[in-house]
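Asker: Listed below are the residues making up each chain.
There are 2 protein chains.
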Amino acid sequence: MSVRHLAIVGLGLIGGSFARALRAAGEVGRIFGYDPDPQRCDDAQRLGIVDAVYETAADAVRDADLVLLAVPVLHTGEALQACLGSLRDGAIVTDVGSTKQSVLRDVAAVCGGLPAWFVAGHPIAGTEKSGVANSLTDLFRQHRVILTPHDGQDAQARARVAQLWQAVGARVVEMDAAAHDAIFAATSHLPHVLAFSFVDMLDRLDHAADIFPNAGGGFRDFTRIASSSPQMWHDVVRANADAVGGLLDRQIEELQRIRQLMRDARWDEIRELFARSRAARERYLAQIE
Amino acid sequence: MSVRHLAIVGLGLIGGSFARALRAAGEVGRIFGYDPDPQRCDDAQRLGIVDAVYETAADAVRDADLVLLAVPVLHTGEALQACLGSLRDGAIVTDVGSTKQSVLRDVAAVCGGLPAWFVAGHPIAGTEKSGVANSLTDLFRQHRVILTPHDGQDAQARARVAQLWQAVGARVVEMDAAAHDAIFAATSHLPHVLAFSFVDMLDRLDHAADIFPNAGGGFRDFTRIASSSPQMWHDVVRANADAVGGLLDRQIEELQRIRQLMRDARWDEIRELFARSRAARERYLAQIE
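Line order of the protein sequences matches chains A and B. Residue numbering for the first sequence follows the UniProt record's numbering, starting at 1 and increasing by one per position. Residue numbering for the second sequence follows the UniProt record's numbering, starting at 1 and increasing by one per position.
Hints are not guaranteed to be accurate.
Put simply, identical chains are the same to the list, so a pair is met inside one copy or across any two.
[Claimed, not checked] Pairs of lysine to aspartate or glutamate, EDC-like flavour, derived with a Cα cap of 20 Å:
| hint | residue 1 | residue 2 |
| --- | --- | --- |
| 1 | K129 | D221 |
| 2 | K129 | D63 |
| 3 | K129 | D151 |
| 4 | K129 | D37 |
| 5 | K129 | D42 |
| 6 | K129 | D242 |
| 7 | K129 | E272 |
I should point out that these hints are in silico values taken from the structure, not numbers from a laboratory.
Only chain A is shown next, with the shape it has when bound in the complex (with noise of 0.2 Å):
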């Protein structure tokens, strides 16, 4: 067993996933939650996820010898603070957010420098689906979980947060926290900006209740990622506004340029770019886990 006492700071779909695969996998003794929705806290007891659930994230992680920060990303700094004062010697702190120069930046502020003992991660998994009751046992199984090592950090501290999320089905790989955020804005960031902004353009149609009993499965796959967490991806966004900006400016560009080809009716490059788009699909999607 390799973390006798878990901490989960924020029962979220990450959070209760991390809970039900690591006892699943037999490495973890007892699990203690905390969040500030009591309807979460009484989720995680029920199903059974957690083995208590405290007042504060500070009674939570009393005991730990492992805390996993699983808020939205711009509450990481506060989360981090609510615990400092009740962490036991040779805790690690690990978090679980989509922006990790955030992540690194907000945990300085409140530590006054990068501790030892934090470890910056990501698991590349989730649904669209919210809150702890939602949380799946397999869902990082067979995913990547990128780890954003620090000047300073301990490597036992690393290799023991990269042992879990292995045990727990994941391929771990490491990354320079800007490179992270320069990617995971392309690849995750800008198309929950679209989709959310596509949604909404549809919803505020004057036929906006005709268009939507007619989709079928392609509307459905588009927009999965629009019934994701406002509230996260808004953390997410805000987080990483200026890769994201940038990218959604690339974005607005192309579709001005697909614009105005359709104007100009020139249709024979709208077609070469649609087989461009496919090839570089078809060419990468082998690599897409």
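Start from chain A and add chain B according to the hints.
Answerer: Below, chain B without anything else, positioned relative to chain A:
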């Protein structure tokens, strides 16, 4: 058995799936096929989807009592033109095109007016895969098929086509062609443009090679339709350019508005937009097939 001889002009995903489904339902005697691509003809014969393939559309339809035109939508007129001289008396011709005003216009141009025996249809089903080799017996089960009747259409011809779609498990809905095109510009045509353009934008980034291997499930679903046939979607967007273009303008405006909200750090409004979008999708999700 409802159809003695079925002719499929265009051995793609839809044509092949219709042949498979009708055969499985025991509703068809012999099936003849035509496609300009010899590979697709070979596939259709090898897989037993058709009983025979012909070198020309005219030969394939000669003895058919039902002809299904299943070609990229701007090829509908040309395909029908090729059949016209050899259609037997009483033959019904139907199509599966994603745009219906263009189909009715093109059919009328070829026939000098809309014939009583033509039934314009559109099954709301498909996958991102193309070609008869990817066809599926159950593709239409529990999916909608839209018929867009025209003045002077033979009611018996329409009822017969409707009955065939019902026999393969589909639900038939009738709609005005202009309403159809406005609705599917929103739920289907524009999302394809957005998905193609998004993948193309990413592929042209300097760090594209780092981006794709790090994509997760959200990316895969969001971009799935970018693996669709470039020729088919070129035809659809071109055939419905006014409706798609108008919605693309709205989408560009919506993205510019979000970009401005980001620049102005009006993050509460962005969270509200995300929440509104999620609520709209959830509200309508039960209505999506």
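Asker: Each hint needs a verdict: does it hold in this structure or not?
Answerer: Hint-by-hint comparison with the structure:
When the C-alpha separation of K129 and D221 is checked against a cutoff of 20 Å, the pair qualifies both within a copy, at 14 Å, and between copies, at 15 Å. In this homomeric assembly, K129 and D63 never come within 20 Å of each other (Cα to Cα): the closest approach is 31 Å inside a single copy and 53 Å across copies. Taking the closest pair of Cα atoms, K129 and D151 never come within 20 Å of each other, the shortest separation being 35 Å inside a single copy and 47 Å across copies. Taking identical chains as interchangeable, the C-alpha atoms of K129 and D37 lie at most 20 Å apart only when both belong to the same chain, with a minimum of 16 Å there against 44 Å between chains.
Proximity of K129 and D42 under a CA criterion of 20 Å is satisfied intra-copy only: 18 Å inside one chain copy versus 44 Å between copies. Proximity of K129 and D242 under a CA criterion of 20 Å is satisfied in neither setting, with 27 Å inside one chain copy and 36 Å between copies. Taking identical chains as interchangeable, the C-alpha atoms of K129 and E272 lie at most 20 Å apart only when they sit on different chains, with a minimum of 18 Å there against 36 Å within one chain.
The structure fails to meet hints 2, 3 and 6 from the earlier list, while all remaining hints are met.
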